[in-house]
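Using the sequences and the hints, build the whole thing.
Residue numbers (the working numbering), protein chains in the order written: chain A, 31 to 300; chain B, 31 to 300.
Be a bit skeptical, because a hint or two may be false.
[Said to hold, decoys possible] Straight line, CA to CA, 27 Å or less: simulated BS3-like cross-link-like pairs of lysine-lysine:
hint, chain 1, residue 1, chain 2, residue 2
1, B, K256, B, K173
2, A, K98, B, K126
3, B, K285, A, K95
4, A, K95, A, K165
5, A, K285, B, K84
6, B, K285, A, K285
7, A, K300, A, K126
8, A, K285, B, K95
9, A, K137, B, K300
10, A, K256, B, K98
11, A, K188, B, K285
12, A, K248, B, K95
13, B, K173, A, K285
14, A, K95, B, K98
15, B, K165, B, K84
16, A, K165, A, K248
[Unchecked claim] Where chain A lies over chain B, by a calculated footprint (3+ residues, C-beta under 8 Å):
hint, stretch
17, 195-207
18, 218-226
In short, the hints are calculated from the structure, not lab data.
All C-beta atoms, glycine included, are put in the ideal place defined by N, C-alpha and C.
There are 2 protein chains.
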Amino acid sequence: MKKIYQLTLIASFLLIACGEKDTNTSQKAEMSEKVIIDLSHSYSEETVYWVTAKEFDLDTVFMGKTDKGFFYAANNFSTAEHGGTHIDAPIHFAEKGQSVDEIPLEKLMGAAIKIDVSANALPNPDYLITVDDLKAWEKEHSKIPDGSIVLLQTGFAKYYPNKVKYMGTDERGDVAIEKLHFPGLSPEAAEWLVQQRNINAIGIDTPSIDYGQSTYFKSHVILLEKNIPAFENLTNLDQLPNSGFEIIALPMKIKGGSGAPLRIVAILTK
Amino acid sequence: MKKIYQLTLIASFLLIACGEKDTNTSQKAEMSEKVIIDLSHSYSEETVYWVTAKEFDLDTVFMGKTDKGFFYAANNFSTAEHGGTHIDAPIHFAEKGQSVDEIPLEKLMGAAIKIDVSANALPNPDYLITVDDLKAWEKEHSKIPDGSIVLLQTGFAKYYPNKVKYMGTDERGDVAIEKLHFPGLSPEAAEWLVQQRNINAIGIDTPSIDYGQSTYFKSHVILLEKNIPAFENLTNLDQLPNSGFEIIALPMKIKGGSGAPLRIVAILTK
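Below, the structure written as structure tokens:
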């Protein structure tokens with residue numbers, strides 16, 4: 031059950047500043063200000079799902095005063111694994127890939143970068159994020175560090191949960207699939223990330239890492255075959271810097287799951 | 031959406047060691063070894079639920095090769111909010127309490143302690159954790175620090191998912207309620223924590239913060255009325271030290287939810 035992970039945590043930054051590890055200071059700990067940004071949409075009747083997927087349904091079991099006099103509330107719910115802010119486990123598109131409970135936690139927690147392509151994507155719902163977009167980020171910052179969690183900001187989160195604006199249609203079922211329009215990662219850029227860089231996970235503020243008009247979901251296949259999980263339907267990416275923050279992404283632990291609801295937060299140092 | 035939180039993070043420990051904050055070192059970050067311990071059971075047909083609650087059900091939507099030639103897997107699932115490793119939101123037993131999406135994230139992430147009562151609890155499935163148990167921890171360590179997440183280790187996780195051993199019965203329905211036997215937190219100890227200490231959250235390795243024979247769920251009411259959420263059905267607490275570690279507990283963000291599946295991990299510094 032123990033997992034060793036190697037992260038460029040804030041702790042590490044300060045470790046470098048100190049020049050050595052001091053484990054005796056924990057008793058002297060003081061309060062430190064951090065900012066947590068929730069990158070997760072909530073689950074409700076408004077939650078956006080794939081046009082063919084089962085939507086979220088909350089069923090009240092009890093809410094009110096019991097005959098013993100105390101207040102009590104409890105619900106059941108049902109949902110597709112892939113809807114709202116969720117994770118695609120590798121097995122979603124890779125037969126031998128990890129299921130959601132098998133994804134090592136160290137892939138889901140650690141240093142992250144954000145690549146803002148909203149200037150290109152917002153005017154074009156069929157925009158495909160290119161290798162050049164990734165290289166432009168590198169030119170401005172650095173080579174994408176090994177082990178990074180890479181978040182792609184298209185800006186489309188601002189339309190959520192308006193399905194017409196967010197994904198091109200509010201129709202449901204197979205007939206709606208061809209009406210899907212939202213930006214995604216091009217297969218060429220996915221291939222470049224897999225071949226030329228060494229990332230831990232990827233995330234996007236649209237319903238899918240492949241764009242709406244995709245039919246073969248090649249970016250999914252390319253990433254998931256390499257056991258790189260994908261976070262979809264993220265929000266609040268506009269509140270993140272382009273680098274120098276951390277992601278903690280903890281999915282519901284569904285045994286054998288192809289994905290799961292995901293609570294994902296970013297940690298910024300003030 | 032931004033939340034300021036004040037945590038005794040490992041970063042803070044090193045901050046003290048440095049004597050000052052150095053925010054310019056992030057570019058020079060090196061790798062640091064941490065240990066992540068997953069305190070979450072997985073969801074499956076074996077997941078333990080309250081005897082009257084809807085159990086976890088995973089329904090395969092598709093698994094195999096599509097007509098386009100690529101592999102694809104997806105499932106739906108249904109569950110009670112309260113089953114397996116989950117969180118009780120304050121509104122579960124407090125009419126004006128927070129729902130699960132309203133719990134501030136800073137209450138769910140931060141410095142934690144573990145109080146091991148397994149020597150008393152394992153021989154007695156009706157054991158109620160006492161104020162003296164809490165005071166005994168304080169005598170050995172320190173006053174429970176303000177803002178702590180407090181984990182209670184009864185040792186019962188080792189029986190999971192054997193329902194007879196873990197909770198006293200594998201029967202289901204109202205008739206099984208009186209057959210429930212597992213340790214919990216006494217209402218007196220809950221009251222002491224609420225009145226005398228200032229904790230952020232509480233957790234236990236049994237199905238409920240109230241013991242199996244409880245009928246009025248007073249410890250729930252006492253804690254949740256103060257907006258102190260409870261984590262239930264935890265595991266791997268035996269792998270934690272008694273203090274000096276951190277908890278990250280991220281529940282599924284169910285709008286208005288009285289609770290939710292919870293992914294909870296502990297972070298230890300090696």
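These are the hints, each one checked on the structure:
Straight-line distance between C-alpha atoms of K256(B) and K173(B) comes to about 20 Å, which keeps the hinted pair within the 27 Å bound. Restraint check: the Cα-Cα separation between K98(A) and K126(B) comes to about 18 Å, which is no more than 27 Å; the hinted pair holds. Proximity of K285(B) to K95(A) is assessed by CA-CA distance (about 21 Å); at most 27 Å being required, the pair is judged to hold. At most 27 Å may separate the alpha-carbon atoms for a hinted pair to count; K95(A) and K165(A) exceed this at roughly 59 Å.
Among the hinted pairs, K285(A) with K84(B) is consistent with the structure: their alpha-carbon atoms are about 18 Å apart, no more than 27 Å. Taken as a hint, the K285(B) and K285(A) pair is honoured in the structure, with Cα atoms around 24 Å apart against an allowance of 27 Å. The suggested pairing of K300(A) with K126(A) is violated, with an alpha-carbon distance near 42 Å, which exceeds 27 Å. Pair hint K285(A) plus K95(B) holds up; C-alpha atoms about 21 Å apart against a cutoff of 27 Å.
The straight-line distance between the Cα atoms of K137(A) and K300(B) is roughly 18 Å, inside the 27 Å bound, and the hint therefore holds. Restraint check for K256(A) and K98(B): satisfied, since their Cα atoms lie roughly 21 Å apart, inside the 27 Å limit. Straight-line distance between C-alpha atoms of K188(A) and K285(B) comes to about 19 Å, which keeps the hinted pair within the 27 Å bound. A C-alpha spacing of about 14 Å is found between K248(A) and K95(B), which places the hinted pair at or below 27 Å, so the restraint holds.
Note on K173(B) and K285(A): the hinted pairing is violated, with a Cα-Cα distance of about 39 Å set against a maximum of 27 Å. Restraint check for K95(A) and K98(B): the C-alpha separation of about 54 Å exceeds 27 Å, so the hint is violated. Of the pairs offered as hints, the one joining K165(B) and K84(B) is violated, with about 38 Å between alpha carbons and a cut-off of 27 Å exceeded. A distance of roughly 21 Å separates the Cα atoms of K165(A) and K248(A); the hinted pair therefore holds under the 27 Å criterion.
Under the rule that three or more residues need a Cβ within less than 8 Å of chain A, the assignment of the stretch 195-207 of chain B is violated, with 0 such residues. Here the stretch 218-226 of chain B counts 0 residues with a CB under 8 Å from a CB of chain A, which misses the bar of 3, and the coverage is violated.
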